[in-house]
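Chain by chain, the residues run as shown.
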Amino acid sequence: GAVVSQHPSWVICKSGTSVKIECRSLDFQATTMFWYRQFPKQSLMLMATSNEGSKATYEQGVEKDKFLINHASLTLSTLTVTSAHPEDSSFYICSATGTGDIRAFFGQGTRLTVV
Amino acid sequence: EDQVTQSPEALRLQEGESSSLNCSYTVSGLRGLFWYRQDPGKGPEFLFTLYSAGEEKEKERLKATLTKKESFLHITAPKPEDSATYLCAVPTNFGNEKLTFGTGTRLTIIP
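Going down the list, the protein sequences come from chains W and V. For the record, in the first sequence the residue sitting at position 53 is 53 according to our numbering, with numbers rising by one throughout. So our numbering is basically just the index in the second sequence, starting at one, shifted up by 1000.
Mixed in with the good hints, there may be bad ones.
If we take Cβ atoms under 10 Å as the criterion, some of the chain V residues that face chain W in the derived model are [to be verified]:
| # | residue |
| --- | --- |
| 1 | G1029 |
| 2 | G1032 |
| 3 | Y1036 |
| 4 | R1061 |
| 5 | E1097 |
Think of the hints as simulated: they come from the structure by calculation, not from any bench. Glycine included, every Cβ here is placed at the ideal spot set by N, Cα and C.
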């Protein structure tokens, strides 16, 4: 299957600072990338969808100014959590689909802890 | 509204004890159904795609089947390393392939 790499795997940051998470498709061109948040023992909650070169589409209730998404190339999307607070601590996961392929492949996830 | 429901929520089996996980779906115009495995602290790992009723896919001790209303993930003679959460999902938004996930089945295989 296709490989999606997410970095970093975990990060600890101070309250009020910003954190950037990268999601790369290593062996295919990702026309669409998705960002999820997952709370313990719960399923994935979609935050936003991004297409290369376009603005991201955010799900209802997700603050677009807090969670900045950039999909500047067909192999890279970034999620920046701005002015992070402890309640933003969570597990963030990206996924990607290629042209003409409905299968989604996921990154390893990023554990964010805001202290 | 598209919906995906998985059962049971949790399942504990003895090593070697075969069983099945269920994924029921309600979606207008099914274009595929996916099964993923997720280990704690990791992202979901792609297992199978099923495209039409009657289709079956196999991988080691896992076999996925699909009907017009549900999918089953059959686990034959499981081993402790099969312990994980199994998620099913369907694409629900033509054009950008947004996925609707079930809540998952947490499978524990006891040695």
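So, going through the hints one by one against the coordinates:
no.	hint	verdict
1	G1029	violated, 12 Å
2	G1032	holds, 5 Å
3	Y1036	holds, 7 Å
4	R1061	violated, 18 Å
5	E1097	holds, 5 Å
In this structure, the earlier hints numbered 1 and 4 are contradicted, and the remaining ones agree with it.
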